[in-house]
Amino acid sequence: MKLNGVAKGEEKFYIVSELADHGEAFDYVSAEDGLAPEYARQLFGQIVSAMAFIHSKGIAHRDLKLENIFLDKNV
7 MKLNGVAKGE
17 EKFYIVSELA
27 DHGEAFDYVS
37 AEDGLAPEYA
47 RQLFGQIVSA
57 MAFIHSKGIA
67 HRDLKLENIF
77 LDKNV
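Here the numbering used here is used: the first residue of the sequence shown is 7, the next is one more, and so on.
Possibly wrong hints are sitting among the right ones.
Claimed, not checked - Taking lysine-lysine pairs in the DSS-like style, the calculated list, with each CA pair at most 30 Å apart, reads:
| no. | residue 1 | residue 2 |
| --- | --- | --- |
| 1 | Lys-18 | Lys-63 |
| 2 | Lys-79 | Lys-18 |
| 3 | Lys-63 | Lys-14 |
| 4 | Lys-79 | Lys-63 |
| 5 | Lys-18 | Lys-71 |
What the hints assert, rightly or not - DEER-style ranges, computed between Cβ atoms:
| no. | residue 1 | residue 2 | range |
| --- | --- | --- | --- |
| 6 | Asn-80 | Ala-58 | 16 to 22 Å |
| 7 | Lys-79 | Val-12 | 37 to 43 Å |
| 8 | Tyr-45 | Val-12 | 44 to 50 Å |
| 9 | Ala-46 | Ala-13 | 38 to 44 Å |
| 10 | Glu-30 | Gly-51 | 16 to 22 Å |
| 11 | Ala-13 | Pro-43 | 43 to 49 Å |
| 12 | Gly-51 | Lys-14 | 34 to 40 Å |
| 13 | Lys-18 | Ala-42 | 35 to 41 Å |
Derived from the structure by calculation, the hints contain no laboratory data. Backbone N, C-alpha and C fix where the C-beta goes; we use that ideal spot for every residue, glycine too.
Let the hints inform the model, and build the full structure from the sequences given.
Put into structure tokens, the structure is as follows:
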């Protein structure tokens, strides 16, 4: 939160789970008995891209695993 342009208090981050129609990546991978190589490469590329973006903002994800990756309706 900013007050008169000065940061005050703790920053807060929210997960909008309504956008995660397909739930966790772990559940999806388990239900599919793995992923086709083409889809696995696509998913991995998106994860790497997301990590590069948050790192560029000075944020570190300290618990990166399939249970913490949410999938939208475009799976």
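task = Run the structure past the numbered hints and jot down the numbers of the failing ones, going up.
result = Per hint list: zero violations.
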